[in-house]
Structures are given as structure tokens and as C-alpha cells.
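*Asks:* If you want the building blocks of each chain, they are given just below.
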Amino acid sequence: MSLKSVMSAAVLAVALLSAPAALALAPAEMVKLLATIDDRQRNGGDYKALVYLEQKEKDKTDTVREAFVYRRDADDKLMILFSRPKTEAGKGYLRLDKNLWSYDPNVGKWERRTERERIAGTDSRRADFDESRLAEEYDPSFEGEGKLGKYTANMLTLKAKQGVDVAYPVIKLWVDKDTTNVLKREEYALSGRKMRTLLYPRWKKLFSESKGADVWYPEEIRIYDEVEKANSTVILIKSIDLRSLEANLFTKAWLESKSR
Amino acid sequence: MLQLFLIAFRNLGTHRRRTLLLGGAIAGVTALLVLLNGLSNGMQATMLRSATTLSTGHVNVAGFYKVTAGQSAPVVTGYPKIIEQVRKDVPELDYIVHRGRGWVKLVSETGSVQVGLGGIDVQSEPGIRQVLQVKEGSLDALAEPDTVLVFEKQAKRLDVKVGDTVTLSAPTLRGTSNTVDVRVAAIAANVGLMSDFNVFVPSQTLRSLYQLNKDTTGAIYLYLKDVKQVPAVQARLRQTLAAAGYELMDNDPRAFWMKFEVVNREGWTGQKLDITNWEDEISFITWTLTALNGLTGVLIFVLLVIICVGIMNTLWIAIRERTREIGTLRAIGMQRTRVLAMFVFEALTLGALGTLAGAVLGLAVCLSLNSANISVPDVVAVFIMSEKLHLAINPGSVVGAMVFITACTTAISLIPSFLAARMKPVTAMHHIG
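So the protein sequences, as listed, match chains P and Y. Quick note on the working numbering: the first sequence kicks off at 1 and runs consecutively. Quick note on the working numbering: the second sequence kicks off at 261 and runs consecutively.
Simulated from the structure, these hints should not be mistaken for laboratory data. All residues carry an ideal CB built from backbone N, CA and C; glycine is no exception. There's no promise every hint is true.
[As the list claims (entries may be wrong)] If you anchor each label on the Cβ, the simulated ranges turn out as follows:
| hint | chain 1 | residue 1 | chain 2 | residue 2 | range |
| --- | --- | --- | --- | --- | --- |
| 1 | P | Val107 | Y | Thr370 | 30 to 40 Å |
| 2 | Y | Pro637 | P | Lys161 | 49 to 59 Å |
| 3 | P | Lys172 | Y | Glu344 | 17 to 27 Å |
| 4 | P | Tyr52 | Y | Gln499 | 52 to 62 Å |
| 5 | Y | Asp424 | P | Thr61 | 49 to 59 Å |
| 6 | P | Asp76 | Y | Lys648 | 53 to 63 Å |
[As the list claims (entries may be wrong)] One side only, chain P facing chain Y, incomplete, derived with CB under 10 Å:
| hint | residue |
| --- | --- |
| 7 | Asn99 |
| 8 | Arg112 |
| 9 | Arg113 |
| 10 | Tyr168 |
| 11 | Lys172 |
| 12 | Asp176 |
| 13 | Tyr188 |
| 14 | Ala189 |
| 15 | Gly192 |
| 16 | Val227 |
Work out the full structure, taking the sequences as your base and the hints as a guide.
*Replies:* Here it is in C-alpha cells:
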């Protein structure tokens, strides 16, 4: 073997060995990445979106619902008000002081619900509509770099921080290396069983006056139930409005008035 | 008195066809009443036996634990201490068991069902073996960890057999998703409504699904030597447990799963005990008994009216036919009260004989239905909590039915009898009938 060959082999070996180290993200970088993901989706001010929820369940007719999602990120307030179909119109969820309330105009009653329960019986959760809090709730670890279709993604495993109550204690996240958009998310139960897979095929951005920067949102979220494989939900987020909302909007009275 | 009975017998014998028709009607109503009473008593007995073994004790010390105001779970913490206290306070106790409670999604390869989860220690459950009929597998296998007992209907829906693995999926007390894979250890025969919404797993499996501590359970079931002592025991436990420092919920006579809405609406956190009895826990189906009793009442009332009109009519005819006889009897010195008694005794004799025949007929039908071991349709099985029709014969209610119908027929005969007694002898003797 010539010296040139030996040198080439050595350079290649060093390059190969050092490659993962170069690609791996340091813990601080990962936390920063999560904070960036959270921040890109936050508005800081108010937020209103028109959302379509399409639910497919085994042995059941597909259902489509239309709802308005209202958020005031500064106060951690969230309201989901269903507008279609007629049977669902007026039903809603209101998050106040870490309590999730649901309202059914047919019986005129408010019920306190579990924060992590399904929204309107679909595979979606309150957290899917709320602001992203990944950096606050999870500790990340780096799993490597991988291809997801045509995208190159950083794969992270997030474990819930001690004392933080979340629906899924472990999350696997595929984050687009170029845009920092989340492409795929797998959520795991305490037992380690995969519960949901979420795909985010399209992200859009919108300039926010209150934030003075762009706000990113997934235009489409595809949720696949991994326990009951036949069930899935598609969330389409349409017509986002970042202007200020009425001051008294996040109240039970306001939601009730909308169902009359 | 004996003379009056002889006259009554003679008159009934003279008008044999009329007597048979009317007596047959009385016998029919009595038989129906005995049959419906048997059905109602049987349903009650079956419901009591099934429900008090599968989903409730005679008296229950249960409750809710709330981590936050919006998250309640049917959990009793530190149950060994409570059991110790209960043993001291309730000398009427026969035996005591504790069961975990939950609500899970049971998922197989082909389907899923939402069911109530009962966490049991099968070795220390004396009653459950008497009620559950295991069709496949064995109840003892439920002592092994991560096993499940399902009912035939659920097994069919999920398309599973003994040895197959299914997944239990539910959020923990803090709302975190969790699952446990369990092996089907036994498939039991359906027990009506109880088998539609219940499966059983070992206590430890339930605890591991909900991430509960070892000293945590869902409810403590108290079985008493005499069910009649339930109100007294329940009232006593409310006092003694409160005195021992436990916080108690206000008395709400409904099944525990119907209380989530109320409990979630309240702002408290921590533990509150709820003391209920078996009637509270199956209140959602006792309406069937009320409905059956109501229906029996209406039916019997309508039939009784028909019978009474028949008796009255028959006596009118008898009086009309025997007006001259009444006149003669009155003329030779029979008192008005004797005339009245003569007709009343006739109705009384007819009623007594008719109800006796009816009771015998009703009892015979009840006994033959029981011996035929008839399977009831699914819809009925759901409510009576049994696949088989069982009629319970209560001697007291049979005698009661006889006395009631005889009393009604006798009472209604007072009207024509009184009118017969009021007739003037001269007018009666001149009557051309």
C-alpha cells in the first residue's frame, strides 16, 4: 500500500468517525432548537383560526367538524368553538387557569374535563390546538439525522421533565434541518407503546403585528391512532387571524352567547 | 254462619255455568298476579345476586381522588386502614373485598370496546365464583399477572379467544397515556348488563395501568349477613368514618360512574369517601323493576275492575232471580243483616275458591317455567342480569294476592247485597221476575 493510499484511508477514517460527532446536536443546541420550534409558532398576542377536523373511525361514518380556535398566548387561554355540523354547533371547550371546561348547549351545562382528553371524540388533543411548549415540558436527546421523504431531519427523543404532567411522556420528533419545521411526531405511552403518529406535511407563515415577526403554523396535521390502527384524524388549519380579540372573549358567558 | 256458607255453596252449585265463568276469571287474574309477582321477585333476586357480586357490595366504601379540580379518579387511598376501621365498626359483616375501578379502551387486533375495569384478587373473592360461569379458560388463571377475564359478548366483538393478547389503554390519574398488554385468561358467560360494560383483571394489573400505589383501590365492598341491615350500617359508617377524620361526599344515591360530572364540577382536590349501598350502584336499572311493578299494578287493576263488574252483575241477576225468595225469607223473620251476609258470603266463597284455583295454577306455571330453564332474549337479559328466566315464589306474596283479590270481590258484592237487604218483604214477594 502506498503512502498516498494510507493517507487517503486515514483521512476517510477520521472523516467517517468524526461525522456523527459533527452532526450530533449538543444538549444546549437541542433545547435551543425546541425553544425555536415553540417560539416560531407563538404569536404573543391573540390568535384566531378556522379549523376543520375530519375523523375516520373503524365501522363508523367519517365525520367532519368545523371549529374556531381562539388563543391568547400571554394568558395561556384557549377556546375551541364548534360551528358545524348543526348538531355540534355551539359546543365548545374553554381553558381557564389550567382547567379545561366543555360546554354542551343542548343541556346548557359546563363540565370540567381532563386537560389531556380527546377533543370532540377525535384523535386530537387540546395540546394540538394550543401553543407549543416543548422546551418547557420535555428534555431532549439526539437520535441522529435521517431522511423523511425528500427532507433531511434531525431526530430527537423528548422525555417529559420531572413533575410535568403531559399526555405522552415520550415523544420522537423529526425536525426539518433546513426550516426547523416539525415534520413528524410520534407519541408514546408510559408503557413504551406508540400511541399516535402525527405528520405535518405543510407549514405556512404569517406576519404578526403583535410579535413583530413571522408566526408559523401547520396548515395540515394528520394524526394516526397507533392503538386502533383504523382510526385517524386530519386537522386543517385555515384563515388565521392574528388581530386582537374581544377582551371578554375567554369567558363562559361569551361561549354560551354564541350557542344561543 | 255454617248455614250461610251452605246457602252460598248451594247457590253457586245451582248456577254452575255462571260460577265457573266468574270463578275462572278470578282464578285467571290471581294466576297472572302470582306469575307477575314471581317474575318481579325473580328479577330482583337475580339482579341482587349478580350486581352485588360483580359490581357492588351490600354497602360500599368508595370515593374519588382528585389530583387537580378537573381530574377525578374512582380511587380510595390507604385502603388497609379503612378496612381495619370498617371491621371494627360493622359487626354485621359477613365478608369484605376490595376492587379497583377504571374505564379503559380494550383493543384487540380487529376491534375495540370501551369497558369498565374491575381489579380483583380472585383468590380472596368468595362470591364471584358463584355468579360467573366460565365458558373457556379458568378463573384461577386470573391470579397470574397481566391477565383478563372477558365475557362472551366482548370476546365475540373483539374476536379473541383464551390465550390471545389484548391491550388496555387508559390515562393515568395525572392524565398521562398508558397501556398494558394482557392475556385473555377466561371467557365467562354473559351476565346481562354487567357483562356489557365490565372486564376483570388482577388488582396489580389495574394498579400498574393507572400507576397507583400498593395501598390504593377503587372501592371496598362490604357483604353483610343480612341485607336488611344495609341502611343502619351505611348510616353508622358515615358517622364513624367522618369521626376518624375521613372527608365524606354528600349522599348521592346513584352509581359511582354517574357522579363524575358532579365531582369534576366541584373545586376540591384530594380524597373524599363516598358511602353507597347496592341499590344506589344499580339505580340505573332498578327502573325496570319499578316499571314491571307499575305494569303489573295497572294490569291487575284493569282485570280487577272487569272481575268486580262481573261479580256485581252476577249478583244483580241472582238478586233479581231470587227476589221472591228474599221476600219470603224476610217475611218469615230473616233479618236484613242476614240477607246481606247471605249474598256477601256467596261472593266471598266464589272469590276464595277462584283465587285458590288461580294461585295453584300460577304456582304450577312458575315451577314449570323454572324447570324449563328458559333463555331470555338479549334485550331482557341486559336488564335482569341473567341469561335465564328465573321466577321466585314468595309464599307471602301468593297469599297476599289471594287475600287481596278475594277482599276486592267481597267488597264489591256489598253494593248489590245491601240493596237486596233493603227490599221490603211485601214488595219482594209480589215481584214477578
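*Asks:* Run every hint past the structure and note whether it holds.
*Replies:* Hints versus structure:
1. P:Val107 <-> Y:Thr370: 30 to 40 Å: At 35 Å between Cβs, range holds.
2. Y:Pro637 <-> P:Lys161: 49 to 59 Å: 55 Å, holds
3. P:Lys172 <-> Y:Glu344: 17 to 27 Å: 47 Å Cβ-Cβ, so the 17 to 27 Å window is violated.
4. P:Tyr52 <-> Y:Gln499: 52 to 62 Å: For Y:Gln499 against P:Tyr52, whose Cβ atoms are near 56 Å apart, the range 52 to 62 Å holds.
5. Y:Asp424 <-> P:Thr61: 49 to 59 Å: 29 Å, violated
6. P:Asp76 <-> Y:Lys648: 53 to 63 Å: 57 Å, holds
7. Asn99: 5 Å, holds
8. Arg112: Hint holds; P:Arg112 Cβ to chain Y Cβ min 4 Å, cut 10 Å.
9. Arg113: Cβ of P:Arg113 sits 6 Å from chain Y, so the hint holds.
10. Tyr168: Given a least distance of 6 Å, the restraint on P:Tyr168 holds.
11. Lys172: Not OK, violated: P:Lys172 not within 10 Å of chain Y, min 15 Å.
12. Asp176: Given a least distance of 26 Å, the restraint on P:Asp176 is violated.
13. Tyr188: 8 Å, holds
14. Ala189: This hint holds: P:Ala189 lies near chain Y, its Cβ roughly 4 Å from the closest one there, short of 10 Å.
15. Gly192: For P:Gly192, the interface hint holds, since the closest Cβ of chain Y sits about 9 Å away, which is under 10 Å.
16. Val227: Holds - the Cβ of P:Val227 comes within 10 Å of chain Y, reaching about 5 Å at its closest.
Of the hints listed earlier, those the structure fails to meet are numbers 3, 5, 11 and 12, in rising order.
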